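Sequence order for the protein chains is A and B. Here the first sequence stands for residues 1 to 667, numbered as in my numbering. Here the second sequence stands for residues 1001 to 1197, numbered as in my numbering.
These are calculated hints, taken from the structure and not from any lab test. The model shown is predicted, which means the values in this text are computed figures rather than measured ones. A hint or two may mislead.
Facing chain A, according to a computed beta carbon distance under 10 Å, are these residues of chain B, among others [as the list claims (entries may be wrong)]: (1) THR1014; (2) LEU1043; (3) SER1049.
Derived Cβ-Cβ restraints for the label pairs, each shown as a range [stated by the list, open to error]: (4) TYR621(A) x TYR1112(B): 27 to 37 Å; (5) VAL343(A) x GLY1091(B): 56 to 66 Å; (6) MET575(A) x ILE1183(B): 33 to 43 Å; (7) ASP1089(B) x LEU155(A): 50 to 60 Å.
Yeah, the Cβ is synthetic: ideal placement off N, Cα and C, and Gly gets one too.
Now for the letters of each chain:
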Amino acid sequence: MAIIERPTPVLDIPALPAAPPAITPSRTFGALKRPVASTGWKSWLFTVDHKKIGLMYGATALFFFIVGGLEAVLIRLQLAAPEGKVLNADLYNQMFTMHATTMVFLFVMPMAAGFANYFIPLQIGARDVAFPRINAFGFWCFLGGGIVINLAWFLGGAADGGWFMYAPNSGPVFSPSNGIDFWALGLQIAGIASLTGAINLIVTVLNMRAPGMSLMKMPVFTWLVTVVQFLLLFAIPVITVALFLLTFQRSFGAQFFDVAAGADPLLWQHLFWIFGHPEVYVLILPSFGIVSEVLPVFSRKPLFGYPFVVFSGAAIGFVGWGVWAHHMFASGLGPVSVAVFSVATMAIAVPTGVKIINWTLTMWGGKLVFSTAMKFAVGLILLFTIGGLSGVTHSVAPSDTQQTDTYYIVAHFHYVLFGGSVFGLFAGFYYWWPKMFGKLLNERLGSLNFWFMVIGMNLTFGPMHILGLQGQPRRMYQWTEARAGEGFFNIAFWNLVASIGSLVLTLGILFFLINIVVTARSKVRAPLDPWNARSLEWMTSNPPKEHNFDSIPKVEHLDEFFHRKYEEDPVTHTMRGVATAEQVLAELERNADPHIHMPSPSYWPLVLAVGLPVIALGVIYSTMVAIVGGFIVLYAIYGWALEPATAVASDFDTPSTNGHAVSTTHG
Amino acid sequence: MAETTTHDAHVSSTGLSNVKLGMWLFLGSECLLFGGLISTYMLYRGRVSDGPTPEQIYDIPFTSVSSFVLLMSSLTMVLAVSAAQKKDDRGVNLWLTTTALLGATFVGGQVYEFTAFYNEGLGFSTSLFGSSFYTLTGFHGVHVTVGIIMLLALVAINKRSSVPGSKSETVEMIGLYWHFVDIVWIIIFTLVYLIPV
């Protein structure tokens, strides 16, 4: 219902423990009263605050990260010794399918979406996103989709066709359980989250930047996430089509991928990878953005070649559309297609290489501070480069034909996804934690977290290069001693190493979880500007106020915050401090806007999102249930459309006279 | 509304309102949705198994008439937007209703066409041609139906003068969606019906 939502539904800050409770909710036409709770679970359930939504994305994604991680550990335990008995073949199929699905769609994407939600409005000097209710709706769709996908575990078995779900494995003959139905419908719902999020964030970035912030003064994280949103905007509808075709085939007797009926199974592969390859950049670019924020801060230097980082990011966004068929070199595309996609794949390594060089030169000559965030950022540069290089070897089609479906591929994409995406996200955790929660994560535990992860990840995925080149296929649930080979290339040895590595990796993640608990219990508050940071999100309190900025800053520089703290000395040409972070913030608070109106909470995003899983269950089990779901959706849409953008007078409390009166600090 | 002025001024770096920019992005995304469906149809239209072929069942004159009706609804939609900009409430209701009726006529024609094809032996699972034809045109039909619901809903709540936001912009947004769905039909009609297999 983007079409009738106003950008700024107005209600004076509802979350005011200090303000007198003058709010009397009005009845909207949709029959539900407007929610006004500012504390407790209701304030989260019905919130439209981009920061709360960002945190909910993050917390949910972290939960799915643990689930996906346990699935990975089970896979490695099964493969640790010959003829593994931990899982049977069927369960093993479900395990690797759900591990990949969970990590891609339910961890990395939503975690990046969480960071984007939380930090993009802050980085561009806005008070919220363009469509706050749609933002909330997106989160609930993601959660609903994740639940639907995982429900299958308890209702006859999860999806088992591999995360790219090739035909004929996705057909009812080879996968008789409902797992793939849940998978397709769940991803469909989660896709709505990505699509609405993409529209929302693009509009926010294009329309709501603080005065003076031109596109080329935007922080790199915002830039690269914007590129990601364009990729999602055009990639999600393609997977939507593919998933619909699959659902129609499995539930309604269509024949799209039924070879016996004359269908072409390559149709699925094309549709999937036209989505799937841009998706790869959807997974990595947010992490590239995070390290582009972290490296300059901890090198005490501006990012080297800002325009190159930005434009190479945009270039990846364009070229990323022309490489999908390199996932299909073994499918007999014909020499011309193979040559074209081979060359395009080599070409896309260039803009990525540009970034690696920019990051390295950012550190060159800088006063490096090896905080945990910095360690993860440097880890990303090194590990992603390894994964990038093995990726280039895939672009050589004859070589790729040998590597297809072996552990060499598994090694490659774990280096770029774990060494790249996940390390970037962890850099983001350590860098932004004080901004989000007002407390610094423990650096000693952080160091353990980092080293165990880096060693564990190399022990796990490094040997997979050897395993793959020795010919160990992906998705085999057992290997036998008789075929293990000898000497250095004995796959029994390297499988054991990889499995031990996965346990080391698990310990590393455990240190992170312990760190969260320790930090939450600690009473030490983080200083206002713990890292001596550079961008606008640090020009707010820790955590930011409900309305982010007391007055919207006027932006004159890239790295505006830095330039408010430091000026160039005309004689020595060195930077000298002119103001502390506290002084900069106090200046903003002195000029606080007299009236700050924030979007009001709403029931409708949640109600609407609840209707979708009901429809999905209806498609699988009973049309009646789907009809009920349809009515919920229709009811919610009407309630949403009729909810006045401008709340009636009784919904307002007395307008604040300055920013202080409406400010609130989260506990 | 006075309080919102600063915020409204703040939100228009591109000069387009948030809603309009969002709508254009959504329609851009929809292009790829129909792109995928049309590609599927083009791949499979010749694969008829034992079922009827496109030439045997298409009734070009009938579909031409219903296509004409749908295209005329774009004209009435423009008149509705124009009336909204002149704050002519009666005109808005008149033209929105007319647009919805023309759209409903088109959907009615599609229902008739589907029934006729089914009776001639083309079921959803008869052949790849059947599956992909019904999926593509069905998706388009659902889009038109959603448009009709939006039009009628707007007429209904317009009378209560309770449309949140700017009324003329709301009408204009539904108009953008409606024109898009029409343009998609022009492409579908050409590729599906007019170009021989």
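Okay, the hints, checked on the actual structure:
Given hint, THR1014(B) at the interface with chain A, holds; its Cβ is 5 Å from that chain's nearest Cβ, closer than 10 Å. A distance limit of 10 Å between C-beta atoms decides the matter here; for LEU1043(B) the minimum to chain A is near 6 Å, and the interface restraint holds. Taken as an interface hint, SER1049(B) checks out: its beta carbon lies about 6 Å from the nearest beta carbon of chain A, inside 10 Å. Separation of TYR621(A) from TYR1112(B) is about 32 Å and conforms to the stated range, judged on CB atoms against 27 to 37 Å.
Separation of VAL343(A) from GLY1091(B) is about 58 Å and conforms to the stated range, judged on CB atoms against 56 to 66 Å. The hint said 33 to 43 Å for the Cβ distance between MET575(A) and ILE1183(B), and at roughly 55 Å that hint is violated. In this structure the hint that ASP1089(B) and LEU155(A) lie 50 to 60 Å apart at CB holds, the actual value being about 52 Å.
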